[in-house]
Amino acid sequence: MDTWQRQRLRPVVVAFFLATLAQLPGARAEGQAQLPKPDQGIFSNLDAQVRLYDPTWLARKPCWQPQSQLLWQVHAGLGVFAQPGPPAQPAPAICPPMDHADGDQLPDLWDILIGAKKTALDNAPYGSPYRQLAYPGGDVPRSEGVCTDVVIRALRNAGMDLQQLLREDIARAPQAYPMVRKANPNIDHRRVKTLLPYFRRHWQERDPGVQRIGDWLPGEVVFMDTLPAKGPDHIGVISDRLGPSGKPLVINSWTDGYRTAEMDLLAAIPVTHRFRPPRDLSTELPRALRLLSWQAPAETRQLVLVQAASAGSTQGTLTRWQRDGAGWQVVGAQVAVDLGRAGLAWGRGLLQGQAPQKREGDGRSPLGVFALGTAFGRGARPVGVAWPWRRTGPDDRWIDDSRSPLYNRWTSAALAGAASAEVLARPDGLYDLALVVEHNTAAVVAGGGSAIFLHVSSGQPTSGCTALAKANLLELLRWLKPAARPLLIQVADL
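Heads up, the working numbering is the position in the sequence shown plus 610, with the first residue counted as 1.
There could be a bad hint or two in this list.
Said to hold, decoys possible - List time: in silico BS3-like cross-link candidates among lysine-lysine, alpha-carbon distance up to 30 Å:
hint : residue 1 : residue 2
1    : K840      : K1080
2    : K857      : K671
3    : K840      : K803
4    : K840      : K792
5    : K840      : K857
6    : K1080     : K857
7    : K792      : K803
8    : K803      : K1080
9    : K1091     : K1080
10   : K803      : K857
Think of the hints as simulated: they come from the structure by calculation, not from any bench.
Can you build the whole structure from these sequences, using the hints too?
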């Protein structure tokens, strides 16, 4: 909690019980390993005591990193566990480039996790008065600290100085920090509510829903809501072990009377925000094209790339790419998407699909490369959208009866004998903005899957479409240009 505030009784009494599990004899973990080489970060006297674990709740695959001589397990191109080589035989593929802000060849997420683990080993009691700090690189004595100090120290282990980064960002964009009347490098970065705008502006924001942990990575930073006042007031780092609740542990400094530790909080404490460090997105499209063994045609100058960690993923990311004289360049930020409730399967688009193939009603989003059809919604064409637009009415349907001659077709007439059809003017808002994905439309195969769209997210897995926040979908539609012949790529790592 915030250093300068007196703590009051929390409404979630069970959280105190969970917080007592600091030693966590029942925590679940596999693949224990020591640091593969000396770390370059904080509390170096604790390096030998750090133990790291293979996060088995994640889909992973091995790769070899020659520079560090480490055999990595990666999830969506991000290293989540490593052990010293040599690589197993037959040798796995070479690892994709991994971001490491401090240049030590350990990826940022892992460096942050290691830093958080060392704060837990340091085991400082909660609490710290207001202190004058050096700048940059200032810290309170390691014998004390609050929740924000855990994150500050964890990021510093990865070469990221939150004190300096936040101060520079406040000077650059003061309007983003209305709570800061006068910048103060002694305390601004130690306030939860002041840190949130920084993370939202510069880090990758992920779905905070704790029911789907298959996308939660060790080293991520989470904001939590523990007090009656609305909004986050606590912060911690996701661990590489599951607690007795079956959720990842949180490395944090809980409150008065506790010490920094790994605690089983996620089952009882609401998570408001979840973040990953910034990534160099320039490598994402080349990696996706290699996975597909495909190159975009010369006339295509815009690509929409959806990536999933595995064919079983129900969440992924979307990035926009534009080609100019310098080649493909990423446009804007990477955003989160929801995928099919059963993951993904190969669709019928511009690539010859592999097994398994998408089928009607299988709950899977299609893998492959697809043209984009008409955008549609219940209202008039949104301002700034040049893409073909169709306003939906109460009679608009998309036929999903595989026995109908109109299967996988939009019709505004009666069902014409079809047993079932998707209502396009939905009352729940999912199709207030939507974009047709040309899956199984060129030569319709009965039962091959129908009504595949990009549409507004409900925050849950879809029936086979790809869904994203309404604001992100509107931004995408405004960016798409018919003359650029855009295509959609959907790819999974595993």
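Tested hints:
no.: 1; hint: K840 <-> K1080; result: holds (24 Å)
no.: 2; hint: K857 <-> K671; result: holds (22 Å)
no.: 3; hint: K840 <-> K803; result: holds (11 Å)
no.: 4; hint: K840 <-> K792; result: holds (24 Å)
no.: 5; hint: K840 <-> K857; result: holds (24 Å)
no.: 6; hint: K1080 <-> K857; result: holds (29 Å)
no.: 7; hint: K792 <-> K803; result: holds (15 Å)
no.: 8; hint: K803 <-> K1080; result: holds (25 Å)
no.: 9; hint: K1091 <-> K1080; result: holds (19 Å)
no.: 10; hint: K803 <-> K857; result: holds (25 Å)
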